[in-house]
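Engineer: Here are the chains, one letter per residue:
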Amino acid sequence: MNFTRVSILCLHLGLVGLGACGGDRPAPKSLLDARNELATAKSGPAMRLDPTDVHEAELALQKAEQAWSNAPDEASTLDLAVIAQRKAQIAEAEAAVLKAQQDTEASKRDLQGVMASQLNAARGQLDQTKQVLNKTQESLNKTQEQLQAEQAAAIEQRKKLADLEAKLKDARDTIAKIAAVKDDDRGMVITLQGEVLFATGKWDLKAGAMAKLDQIADALRGKEQPMVVFGFTDNVGTRDNNMELSQRRAASVRDYLVSKGIPQDLISAQGKGPDAPIAENTSIEGRAANRRVEIVVQPKKS
Amino acid sequence: MRILLMTAFPVLLMACGGTIPPPNEEWSAAQADLGRAESGGAPSVPDAKLHLQLAQEDLQKSKALMDQDNQRAASLVALARVEAQLALSIAKATQAQAEAQKAQQDVQKAKGN
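Residue numbers (this note's numbering), protein chains in the order written: chain A, 1 to 302; chain B, 1001 to 1113.
What the hints contain is simulated information worked out from the structure, not anything from laboratory work.
Note that the Cβ used here is the ideal one computed from N, Cα and C, for glycine as well.
It is possible that some hints are incorrect.
Claimed, not checked - Calculated lysine-lysine pairs in the DSS-like style (CA-CA distance at most 27 Å, straight line):
id, chain 1, residue 1, chain 2, residue 2
1, A, Lys99, B, Lys1102
2, A, Lys300, A, Lys260
3, A, Lys159, A, Lys182
4, A, Lys108, B, Lys1111
5, A, Lys29, B, Lys1111
6, B, Lys1063, A, Lys29
7, B, Lys1109, A, Lys29
8, A, Lys99, B, Lys1109
9, A, Lys63, B, Lys1061
Said to hold, decoys possible - Have a look at the derived ranges for each label pair, beta carbon to beta carbon:
id, chain 1, residue 1, chain 2, residue 2, range
10, A, Asn36, B, Lys1109, 34 to 42 Å
11, A, Gln62, B, Gln1031, 24 to 32 Å
12, B, Glu1099, A, Pro28, 50 to 58 Å
13, A, Gly113, B, Gln1031, 44 to 52 Å
Chain A extracted, bound-state conformation (with noise of 0.2 Å):
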């Protein structure tokens, strides 16, 4: 049996060498399946992506050849026809393999170019949210800085409002030492006695009058309040003729004042004859109280 075999091969080795086998009949089918798988793999991305493998197919494929064209019919050849079909297979997967290795490294690229692209953007939209940030710390800051200057003038305003009070107390206990001072809905009022300040029926200031009204005056000056004089006579007498003598001793008062430095504009004078007694003009005393001369400093307006 061996040796029949071998026999067999020998024959065929002899044959080989007389170049007559196999070359007249048809290919069989997996080495033209070979052939085909061979033909696809060179003219695929296999030739440029795994050249190694492609070369490795074409030399099995050649040993089938030679196989096909020396032995025919050993069952070996077909062996040979299927490896090189295999290894034109193997040389397109891994082909397939390198491509798409290539494609997912492409992706990775692409990829960390939409993040970086992304980043970037973000990073703008931050940039910008800074901006803004800084804007709004900017003009809080200078709300802030207006609140305190505000602040800073109120606080002003105040301790103004409190030396004028306290000077305006000042001037009043200063007034209070000449005259009677109190105060009602007008203001506060000055109360000069007539026998004081005029001799009677007169309307020109007595001397001693003077005095009083310039230490008024000293006391008054510089407070920038609008003040009215008001002349009063008791019912002795007609009352046209208590209406011109008050109005006369108000504007002489009124007049001595602008003379002593009271702005002309926030003073004036007016004279009310009778019509508002503070006594019955029953009784001397009475009478003598009604005659008098009210400086009424308004509050100031503010």
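Let chain A serve as the given structure and place chain B on it in line with the hints.
Structural biologist: Same frame as chain A, now just chain B:
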């Protein structure tokens, strides 16, 4: 004649390249190829699995022929090796393509955001 044959036999063997030993080493190498294909994911890829099975069948056939027809046995082992190698290559290609697809989807997803 018998004597002639007796003397011619070793000569003929010499001429044919000598007695072919059983392909033991190649058989081990084929086993290793099969192992690589299996651990490389071939069983879960249908096309790769087919070639894995072919490799196993070729190995079985080869085993049956061992010491009877060592030449064919060696041929079958060689065939089993390329079948196993192809199974691994196909499995690798399938995985690499899936990875490539996923990478591409990642890009699309990132662009979509």
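Engineer: Are the hints correct? Go through all of them and say.
Structural biologist: Hint check:
Restraint check: the Cα-Cα separation between lysine 99/A and lysine 1102/B comes to about 15 Å, which is no more than 27 Å; the hinted pair holds. For the proposed pair lysine 300/A and lysine 260/A, the alpha carbon gap of about 20 Å is at most 27 Å, so the pair holds. With a C-alpha separation of about 25 Å, the suggested pairing of lysine 159/A with lysine 182/A holds against the 27 Å cut-off. Note on lysine 108/A and lysine 1111/B: the hinted pairing holds, with a Cα-Cα distance of about 13 Å set against a maximum of 27 Å.
Distance restraint check for lysine 29/A and lysine 1111/B: the Cα-Cα separation of roughly 50 Å exceeds the 27 Å cut-off, and the hinted pair is therefore not satisfied. Note on lysine 1063/B and lysine 29/A: the hinted pairing holds, with a Cα-Cα distance of about 26 Å set against a maximum of 27 Å. Restraint check: the Cα-Cα separation between lysine 1109/B and lysine 29/A comes to about 48 Å, which exceeds 27 Å; the hinted pair is violated. A distance of roughly 22 Å separates the Cα atoms of lysine 99/A and lysine 1109/B; the hinted pair therefore holds under the 27 Å criterion.
Distance restraint check for lysine 63/A and lysine 1061/B: the Cα-Cα separation of roughly 22 Å lies within the 27 Å cut-off, and the hinted pair is therefore satisfied. The hinted window of 34 to 42 Å between asparagine 36/A and lysine 1109/B holds, with their beta carbons roughly 41 Å apart. Checked against the hint of 24 to 32 Å, the pair glutamine 62/A and glutamine 1031/B passes, with Cβ atoms roughly 28 Å apart. For the pair glutamate 1099/B and proline 28/A, the beta carbons lie near 39 Å from each other, so the given range of 50 to 58 Å is not met.
Separation of glycine 113/A from glutamine 1031/B is about 46 Å and conforms to the stated range, judged on CB atoms against 44 to 52 Å.
When the structure is compared with the earlier hints, violations turn up for hints 5, 7, 12 and for no others.
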